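S.K.: Sequence:
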Amino acid sequence: MAASSLLSVSLCLLILCQGSLAQMMFGGQSPWQSMRTFSGPRGCRFDRLAALNPSQRMQFEAGMTEYYEWDNEMMQCAGVAACRHMLEPRGLMLPQYNNAPSLMYIVQGRGIMGTVFPGCPETYQSFQQQSETEQAEFPMGGESWRQQMMRDEHQKVHRFKQGDIIALPAGVTYWCYNDGDVPMVSMQVYDASNAANQLVPRERRFFMAGTHKMPQRMFETEQQQTMGMMQPMGQSIFAGFDTQMLAEALGVNVEMARQLQTQNDPRGEMVFVKEGLRMLMPSRSQEMQQQEFEDSMPRWQQYGEPMPGMRNMTNGLDEMFCMMKIRSNIDMPSRADYFNQRGSRVAMMNSQKLPIMNVVQMSASRVVLQRNMMITPYWHMNCHSLMYVTGGQGRVQVVNHRGQTVFDGQMRQGQILVIPQNYAVLKRAAENQMFHWVSFMTNPNPMKSQMVGKESVLRAMPLQVLMYSYRLSMEQARMLKLRRQHEMTILGPMYQMQMGSNE
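Under mature numbering (1 follows the signal peptide of the UniProt record, and there is no 0), the residues of the sequence shown are numbered -22 to -1, 1 to 481, in order.
These are calculated hints, taken from the structure and not from any lab test.
A few of these clues could be false.
Said to hold, decoys possible - DEER-style ranges, computed between Cβ atoms:
1) R182 - M257: 27 to 33 Å
2) R390 - L255: 33 to 39 Å
3) M425 - P311: 20 to 26 Å
4) F95 - M359: 29 to 35 Å
5) G149 - P244: 38 to 44 Å
6) G369 - E131: 25 to 31 Å
7) Q463 - G97: 16 to 22 Å
8) N31 - R320: 27 to 33 Å
9) G229 - V135: 24 to 30 Å
Note that this is a predicted model, so its numbers are computed, not measured.
Think of the CB as a built atom: it goes at the ideal place given N, C-alpha and C, for glycine as much as any other residue.
Required output: the full structure, derived from the provided sequences and hints.
M.R.: Below is the structure:
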């Protein structure tokens, strides 16, 4: 009896633990709940919105970073920050981590990214045999290099390409390398008001190597900027330690410890790897085959599956966290959630498609509008959004709770716009060109309420409610309710209807 009771209790505890872990990783809170805290200045009213261009550019040996003005009131009120990176071919973005979770969208190019999750095993190990394909892709340049590489082991690295969304949790170290032939351009948005950030509600980047220019927006006060109390140069976190203590902690000599502190390195945050970066990883063709295989699997099987041959070597945490995908492509037409015959499309990337979104508490969407087409007017019920225009031009209108227009303007490539929670927005492509953008939301499962079309709030109301709300006749109310009933999210151009007089 005692053994049976002990077994029952153990099974109950196991089920509870697995359930709690699944709830933590795959989302157990209501979509209306948020892990964000308000961080903006007192009196945030979102009365005037503006499309922002990058305000500062920092040039490095192998690329540059452009910053959007953090001190902008709307950015502070929404608790978000944004920057755009350009990394040259064979350029390496040095290892770093952030105080806030972020999403990175690959605008152009391809590359390799490494992330380091504490406690996860180095699954890319030296006992893995190198295939002929890998030898062709990464020429060894000598037997000594081959032997050295085959002894290496590290955590999983990820290939990425144009259109990918990459999720980066707060405090996780990452690095990035451009193995393509064109500059890699990426847009990175940080959620500084996320509960994972317990520092000041601003984006801060902590670097593991190199010396780093610091844009003026990072000065804490105007007095410090005027008096020069803070030098416009940052260093790696190693630079702040005593050299002797650092050498002892790492088990290296003082000269190597001083080299790690990189106090006289002028290259900045992005450096060239002249002979190309070499590491142990599957070939690009092998990863493409794996991606095709994953795409053919049911969605629930695509994200927590352990690596082939690792099933007996992993526990639940490894399978659910260490092996979790950090990226997914949002740009391919086949991934669209809404698509029409003119080629316009909308694709969403939330925690249902990419579970790590529950960790970063963010999500994204990709919209491509053909000329003169519109997105149905809507508002986000549970999040702010930051819109980044990737190409073309279009008109955007935003309306607040007083029915006042807080933004009405043309937006073009490279600009961003913060759209506050519950503010109604209408977007339309220009008559002579397409309009496409990426939106970053501050909730892993954003909820949108549409004002027109098959999912319209107007369509869900009784006719007489519409009649008395807007002083319409029965025919007019029915027309208002049903005219766009066969369209969803994407609206065709020049759709006008004479509704007659209200008198």
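S.K.: How does the Cβ-Cβ distance of F95 and M359 compare with 29 to 35 Å: does it lie in that range?
M.R.: holds, 32 Å
S.K.: Is 27 to 33 Å a correct range for the gap between the Cβ atoms of R182 and M257?
M.R.: holds, 28 Å
S.K.: Is it true that M425 and P311 lie within 20 to 26 Å of each other by Cβ?
M.R.: Once the Cβ atoms are compared, 25 Å apart, the range 20 to 26 Å for P311 and M425 holds.
S.K.: Has the hinted range 16 to 22 Å been met by the Cβ atoms of Q463 and G97?
M.R.: Taking Cβ atoms as reference, Q463 and G97 lie about 52 Å apart, which means the hint is violated.
S.K.: For the hint 27 to 33 Å, verify it against the beta carbon of N31 and that of R320.
M.R.: holds, 30 Å
S.K.: Between the beta carbons of R390 and L255, is the distance compatible with 33 to 39 Å?
M.R.: holds, 35 Å
S.K.: Using the Cβ atoms, figure out if G369 sits within 25 to 31 Å of E131.
M.R.: For E131 against G369, whose Cβ atoms are near 41 Å apart, the range 25 to 31 Å is violated.
S.K.: Starting from the hint 24 to 30 Å, judge whether the C-beta atoms of G229 and V135 obey it.
M.R.: holds, 26 Å
S.K.: Cβ-Cβ distance between G149 and P244: within 38 to 44 Å?
M.R.: violated, 28 Å
Of the numbered hints stated above, those contradicted by the structure are hints 5, 6, 7, listed in ascending order.
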